[in-house]
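Guided by the hints, dock chain E onto chain C, whose structure is given.
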Amino acid sequence: MSQQAESRSYMLNMGPAHPAMHGVIRLMLKLSGERVLEADAEIGYLHRAFEKHAEADPWNNVIPWTDRLNYVSPLINNAGYVMAVEKLAKIQVPERAEYLRAATSEVSRITDHLTCVGANAMELGSFTAFLYLLQAREELYRCIDKLCGARVTTSYTRVGGVKGDMPADWPDMVRAAFAKVRSTVKDADGLLTKNRIFIDRTRGTGVLSKETALAYGITGPMLRSTGVPYDVRRAEPYGVYDRLEFEVPVGETGDNYDRYLVRLAEIEQSMRIVEQCFAKLPGGPIQAPDDAMPGSKMADLGKRGMTAEMLKTTVAVDPVMEGGQRSCHPGVMAPTPDSTLPPKEEAYGSIEGLMRHFEIIMWGRGITPPAGEAYQAVEGGNGELGFHVVSDGKDRAWRVRVRPPCFFNMAALHELLKGALLADVVATFGSINMIAGELDR
Amino acid sequence: MSESHETVPQAALKARVAELKASGCNMLVDLTCVDFLGFGAGTKNASPAPEGRRYKLVYRLMELDTATGAVKRRVTLDSWVEEQPPVSVMSLFPNADWLEREVWDMFGVTFADRPNMKRILMYPEFVGHPLRKDYPIKKRQPLIGPADGPARERMTAADLRPRLIE
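Read top to bottom, the protein sequences are chains C and E. The numbering of the first sequence is this note's numbering, which starts it at 577 and goes up by one. The numbering of the second sequence is this note's numbering, which starts it at 157 and goes up by one.
For the record, the hints were derived by calculation from the structure and aren't laboratory data. For glycine and all other residues, C-beta sits at the position ideal for the given N, C-alpha and C. Be aware that one or more of the hints could be misleading.
Straight-line C-alpha distance at most 30 Å; calculated DSSO-like pairs for lysine-lysine [claimed, not checked]:
id: 1; chain 1: E; residue 1: Lys170; chain 2: E; residue 2: Lys228
id: 2; chain 1: E; residue 1: Lys289; chain 2: E; residue 2: Lys170
id: 3; chain 1: E; residue 1: Lys274; chain 2: C; residue 2: Lys786
id: 4; chain 1: C; residue 1: Lys628; chain 2: E; residue 2: Lys295
id: 5; chain 1: E; residue 1: Lys170; chain 2: C; residue 2: Lys994
id: 6; chain 1: E; residue 1: Lys274; chain 2: C; residue 2: Lys994
id: 7; chain 1: C; residue 1: Lys628; chain 2: E; residue 2: Lys274
id: 8; chain 1: E; residue 1: Lys200; chain 2: C; residue 2: Lys666
id: 9; chain 1: C; residue 1: Lys786; chain 2: E; residue 2: Lys228
id: 10; chain 1: C; residue 1: Lys970; chain 2: E; residue 2: Lys294
id: 11; chain 1: C; residue 1: Lys786; chain 2: E; residue 2: Lys170
Over 10 Å on every C-beta distance to chain C, these chain E residues come out as not near it, computed from the model [said to hold, decoys possible]:
id: 12; residue: Leu169
id: 13; residue: Ala171
id: 14; residue: Arg172
id: 15; residue: Glu207
id: 16; residue: Leu233
id: 17; residue: Trp236
id: 18; residue: Thr266
id: 19; residue: Arg270
id: 20; residue: Met273
id: 21; residue: Asp290
With the rest of the complex left out, here is chain C (with noise of 0.2 Å):
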C-alpha cells in the first residue's frame, strides 16, 4: 500500500439508528482504513425533558418517570429518587421497606447485568448466549411483575416506604428465578468466558486505565474493572447495605472481558444479597399508635370544618367494609401521616381515609419538604446514580438534578475507541452498557 494511501481517513456516521448499537446514540468515527483515529458521541436523542418536568410534578408524581431512566433496572431508580426526598424530607423509613427496597434493587441489578452481558455477547455473535440470557432475565421480570404489577414500568417506592408488602410467596418465587439464574449464568459463562472468538473480540481491547476512569468520573462495573474496588453500597451504606454481606468484584486490565467477568460476578453476589434480605426480613405490621384518633370523632370534626390538625393525627379505622381493619401499609410506609398516602383500604373503607387520600395527592396539597437541598447517591446499574433535590417547601421539586452514570462512561468513550479497530466499537460500546434512557434524561 502506498503512502498516501495510507494516510488518507475518512469519516464514518454509526447510528443513530444501527443494529449493532442498542440505544440511539450516533458515533461519528475518523478512521484510516480499519483505524479508529478520532470517535467522537452526540447524544440527546432520547431527551425527554426528565428533569423540567420532575419541577412541574408533585414529589410523588416524579417516580413513575424514574423508571424510565435506567429502564432495565428500574426499581433502582425508583430508591434513588425517593430516597433524597426523604433525605431532604428527614422521613424515617420502616425497617422492612429498607430491606425490600435493598432486595428489589438487587433483582433489578441482576436484569441489568443479564442484559449488558446477553446484549454484548450477541453483538459479538453469540445469539444462544444472549437468548439464554434474557430468558432467565424473563424469570426475573415475573417476579417483578407480581410484585408491581409490572414487568419494566415499575414505580415500586413512594416517598416514606414502597408502594405495598410484597405477596406472601413472593420469596420462594424470586428463589425459584434464582434457581434458573443460576443455572443460566453457568452456561453463558461456559458459552463465553473460555470461547475463543469472545476472548478474542474482548481482551485487551477496550482498555480503560485506573486514572482516565477516574479523571472522567467513571464508577460501576468500569471503574471496578479496573480494579478499584469502589461500590456506593459499600463505601457509604445507605439503607440496610451495612447489615448485608456481600463482596465487591474487581478486576485488574479494564479491558472488555474483565468488565464481562466483573458483571457476571456480580450478579452472584446480588442473588446472596437478596437472599439475605429475606431471611433478615424483619415481619409483623406495626400496629397504629395508642392516640389515633377514632374515625366517627375525626368525622364529626370534619363535619364541623375543624380540619386543620387532621392531617398529621392517625386514624383508627373501623371496620366498615370486609378488609377494612386490615392494612397492607403498616410495616412498609414511614408512620408520617402528612407525607405517606394511606392503604387503599382505609381510603376506599373510611371517610377519613379518603381525605387523607386526597391531601396527599391535590395539587398544591401533598409532600412538603422544607426549603434546602439534598443528595443521595446509590449504586446503580451502571455505577454512582445520584439525585440532587433542590425544595423551596412547595409539594414539588424546585429542582431535581439526575447523575446518570452512563453520562460519565459515554463522555470517556473517545478515549476507549482511539486507536482500536472499526470492529472493537462494537465490543467496547456493548460493555458501557449505555442506556439511553438515563443518558438523555
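Positioned in the frame of chain C, the structure of chain E alone reads:
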C-alpha cells in the same frame, strides 16, 4: 468519610478546584446548576441567592481511595454565577467538558477558557435554554425542518389533564 460544603466566589472557583485536586480529590462527581428565579414565591422561604444573582453552580468532588474503594471525603462547592462567565475546569477534570456543555445547554450559563461549547442534549436549532425557570414547560418548538416553517398544532399532556388548579 467527611463531607464538607462551601460557597466559593466565582473568581476563586477554578483555583479552589485545582487546590482540592492537588490535595487529593481525584474525581469530579458532578457539576450542575440551579436557577433560583422566583424561588420560594408564595412561601415563607426566602431565596438564598444574593442580590442580582440567579444561577448557582454546584461542583461535587470526591476523594476516593483507589486501593480500598473507600470514600475519604466529599466536597460540595457552590458558586453564584456573576456577569462574567465562570472559568472552565476542563483542564483539571476532562469530564467537565460534557458537564459544562450540559449546563450551558440547559441554563445558558457559559464557561470561559474552553473550546467546543455547543449543545449536548438539545439539537442545534433549538432556541433558548429549557431548564431556566422562565422557559415555559408547555412551549413547543419545531423538531425537524426549517425554523421559518409552518407551526404545528400539537396536543400536549396538559391538554389531557383535568384543569382544576393551574
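- request: Identify every previously stated hint that the structure contradicts and give their numbers, smallest first.
  value: none
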